[in-house]
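2 protein chains.
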Amino acid sequence: MSLFADLQQLLGASHVQSNEEAAPYLTDKQGRYVGQVIAAVHPANTEEVAAVVRACVAADTPVVVQGGNTGLMGGATPDASGHAVLLLLDRLNRVRVVDTDNDTLTVEAGCILQNVQDVAREAGRLFPLSLGAEGSCTIGGNLGTNAGGTAVLRYGNTRELTLGLEVVTAEGEIWNGLRGLRKDNTGYDLRDLYIGSEGTLGIITAATLKLFPLPKAQATALLAFDSLAQAVQFLSHARAGFGASLTAFELLSADCLALLREQFPEGPQPFLGVSQPWFALLELSDNHSETHAREAFEAVLGDAFEKDLLANALIAESLAQSEALWMLRENMSEAQKRAGRNMKHDISVPISQVVAFVSHTDALLQAHFPGVRHFTFGHLGDGNLHYNVAHPLDSTVDAHMANYAALSLLVHDSAHAHGGSISAEHGIGQRKLGLLDRYKSPVELDLMRRIKQALDPKNLLNPGKVVEVAP
Amino acid sequence: MSLFADLQQLLGASHVQSNEEAAPYLTDKQGRYVGQVIAAVHPANTEEVAAVVRACVAADTPVVVQGGNTGLMGGATPDASGHAVLLLLDRLNRVRVVDTDNDTLTVEAGCILQNVQDVAREAGRLFPLSLGAEGSCTIGGNLGTNAGGTAVLRYGNTRELTLGLEVVTAEGEIWNGLRGLRKDNTGYDLRDLYIGSEGTLGIITAATLKLFPLPKAQATALLAFDSLAQAVQFLSHARAGFGASLTAFELLSADCLALLREQFPEGPQPFLGVSQPWFALLELSDNHSETHAREAFEAVLGDAFEKDLLANALIAESLAQSEALWMLRENMSEAQKRAGRNMKHDISVPISQVVAFVSHTDALLQAHFPGVRHFTFGHLGDGNLHYNVAHPLDSTVDAHMANYAALSLLVHDSAHAHGGSISAEHGIGQRKLGLLDRYKSPVELDLMRRIKQALDPKNLLNPGKVVEVAP
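Chains as they are written, first to last, in the working numbering: chain F, 1 to 471; chain R, 1 to 471.
Honestly, the hints are just simulated from the structure, not real lab data. No experiment lies behind these values; they were computed from the predicted model shown. Hints should not be assumed to be uniformly reliable.
[Stated by the list, open to error] DSS-like, lysine-lysine: derived pairs with alpha carbons at most 30 angstroms apart:
1) K337/R / K29/R
2) K440/F / K29/F
3) K344/R / K29/R
4) K29/R / K458/R
5) K440/R / K458/F
6) K458/F / K458/R
7) K440/F / K344/F
8) K29/F / K458/F
9) K216/F / K216/R
10) K440/R / K29/R
11) K307/R / K216/F
12) K216/R / K307/F
13) K440/R / K458/R
14) K440/F / K458/F
15) K440/F / K458/R
16) K29/F / K337/F
Could you build the full structure based on these sequences and the hints that come with them?
This is the structure:
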């Protein structure tokens with residue numbers, strides 16, 4: 001019997017799609033990669049996932065897992081050989097346990113992130129992971145890529161939000177590691193090995209996640225700075241003054257703000273005529289009250305003005321104003337898209353290196369590619385910048401994009417030289433795989449390969465992603 | 001040339017000790033295990049650690065790493081065969097980098113925890129890891145065991161406090177993973193695999209640790225509860241009311257308090273005559289001011305009284321009173337020691353299972369071992385109880401301790417049945433190694449073995465600890 005027929009028998013014919021039927025899943029979000037498959041399968045539960053993996057192992061067939069297909073690195077797109085089975089977890093979308101006394105939530109991997117947030121809120125709790133794609137990405141995808149987002153400063157990456165996992169191994173066995181424990185030192189940390197491994201070591205089918213108290217009040221401000229150095233100094237001041245109440249600190253350059261005004265003339269227009277080169281969106285979460293949040297805000301900002309750590313501040317006076325300020329940050333992707341393609345770099349450096357990185361890299365790019373325009377923004381509180389570069393105004397998008405490899409190399413080399421990472425929150429997938437030889441030591445690559453070979457000796461789980469192994 | 005002579009040549013004769021000279025390191029803190037070695041070596045730096053490992057690999061000789069020798073599971077004590085080399089990192093005690101803008105500190109593994117705390121404080125920052133042995137344990141040992149302590153509720157275990165590591169591999173190569181990044185998704189999470197692996201996968205030689213703002217004020221209270229269920233409900237209330245300001249919530253039973261009074265008659269005597277069965281030490285850290293901390297305290301406690309979540313509260317009015325309250329918690333180990341040996345269990349369960357676990361296990365032990373006395377205390381905020389059991393008053397310590405295996409089995413079975421862990425913060429070492437077959441699934445043990453074999457194929461790093469591999 002063929003593998004296709006085997007899979008139909010295991011799952012029911014209606015849950016197994018042909019290559020043609022699976023078309024929507026076979027191109028990545030950016031349209032950069034197009035794959036082919038033997039079949040796309042929609043198992044109903046963890047046991048069926050395990051059965052699919054066992055059938056694929058028996059047929060020596062690769063298994064590629066995909067969540068909401070919102071990744072940027074092609075990590076969830078099978079290759080073009082047509083040899084793989086695509087595993088879709090949309091039917092694993094149950095909330096298994098809500099445990100408010102333990103402040104945990106156990107959900108299946110196919111749950112949409114926004115639904116997980118909603119379930120938490122209905123239970124009177126906060127699940128803080130928040131990112132642009134939250135309406136369509138799945139928690140399984142978030143776990144597979146250790147997703148970041150806008151609340152990392154306070155709550156950490158997906159890794160820090162996870163207590164336990166359920167995983168189907170490369171042999172199609174089920175590891176039940178769904179522990180709701182804050183402390184458990186009984187062996188190797190398998191959980192964190194699977195998180196961020198992009199489906200190359202095992203298939204995450206469920207997770208026990210941490211919940212937090214819902215904040216009683218939030219306060220938002222847009223701040224203006226005379227320099228990037230001032231913004232970094234202010235951040236340190238704000239961390240000391242707000243402590244864990246500081247939940248977001250999102251940087252936007254003046255050029256980003258100008259782009260937003262240009263592309264969204266109907267949108268909010270804060271700080272019109274203000275000449276500062278850098279801005280940041282600051283959010284505070286308070287567990288007392290609106291008044292309390294407001295007082296803390298005014299105390300810390302007032303102190304910052306006195307110490308010359310801040311040039312200007314616009315404090316949201318209402319929820320509507322707060323949402324308008326956040327809309328600036330959220331519109332950045334779309335504003336860039338409307339202005340034409342640009343080169344995106346998801347880098348991170350130590351916060352103490354942000355100023356040096358930006359000034360060095362800006363100058364370097366101007367020397368090699370005169371006139372390119374910098375749209376630098378991102379999660380300054382995490383040292384994570386979206387260091388994006390658009391075409392010179394006297395040139396074309398196409399001419400600019402032709403320089404992608406050479407320009408990106410300069411940016412990544414610079415991030416690396418400043419102690420940074422070439423992928424802060426987007427992962428490696430297939431798109432950055434070729435860069436690892438340049439930025440990882442042979443020792444680290446060897447350790448990664450050994451782990452891949454130990455947990456997936458036949459190299460059947462999402463092959464050709466994250467790490468290259470000898471055929 | 002013998003390995004001993006090789007090591008002398010590598011490190012200088014004065015840094016290589018014979019088995020006899022190494023005696024202080026060869027018995028564990030509890031006096032439970034006594035080892036023998038070929039040599040104990042004190043390398044000066046990471047390169048020398050790597051050279052020692054390479055020499056040992058060439059001679060097919062196991063390497064056991066030891067920090068401050070304060071572990072409770074015998075994890076740092078070599079076996080009695082006399083075949084191993086003991087690796088001591090006391091000379092790797094440098095602070096490499098203090099980066100206040102990045103809120104990180106890079107230190108070598110041999111640094112004493114208290115010194116790391118002090119270096120952070122001198123830089124105007126907090127390194128929050130805090131535990132009883134902090135004056136003698138090393139940060140390398142904390143990393144190797146993923147140490148917990150009294151600030152986990154707010155700041156997490158050692159794992160959550162660590163951004164990067166430097167590790168010597170089983171082949172004597174150096175992995176430089178000393179990244180000071182909050183976000184880095186460029187491959188498998190080697191860092192968290194080494195943390196908590198108790199020297200069985202690699203030798204941690206340095207780490208980049210997270211720093212936090214120093215709190216401006218702290219407030220401490222001892223609370224009395226009518227039941228354990230009330231204490232758990234109060235905890236949920238306190239988390240919502242205090243948010244991340246809640247830094248400790250340490251449980252003490254009335255029997256613990258009575259024991260403290262008995263063994264430390266000169267010590268603090270709070271709540272004399274109060275009849276509640278459970279107490280908790282609550283600590284709040286505030287980033288505003290003493291007044292602010294005090295107001296938050298009174299608001300949340302007042303609300304708790306109204307909602308019947310609290311029976312009584314004693315708020316420290318001064319630093320001296322706060323220290324007196326903390327002394328209760330800190331004296332618990334010594335109080336038990338003075339009262340004679342007892343059976344200690346370092347378990348954790350989901351917080352929602354704490355009440356069921358304690359009532360079920362108390363009843364079970366009374367049924368099987370009538371009259372045993374329960375001294376239950378610990379980190380309720382993390383679901384981590386030190387569930388300790390002393391001899392019946394009409395029996396002897398020796399008669400009681402003879403039942404250790406049978407009684408502990410009941411306790412561990414019960415923790416496991418309540419979704420818990422048999423080692424919350426003390427690790428596995430050699431002492432709990434035999435228990436893993438009972439409480440870990442074959443799938444998980446197999447995954448652990450595969451990782452051990454992948455990273456230490458010759459089984460030379462701390463063999464016979466954490467995981468058993470086929471000879």
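Hints violated by the structure (numbers, ascending): none
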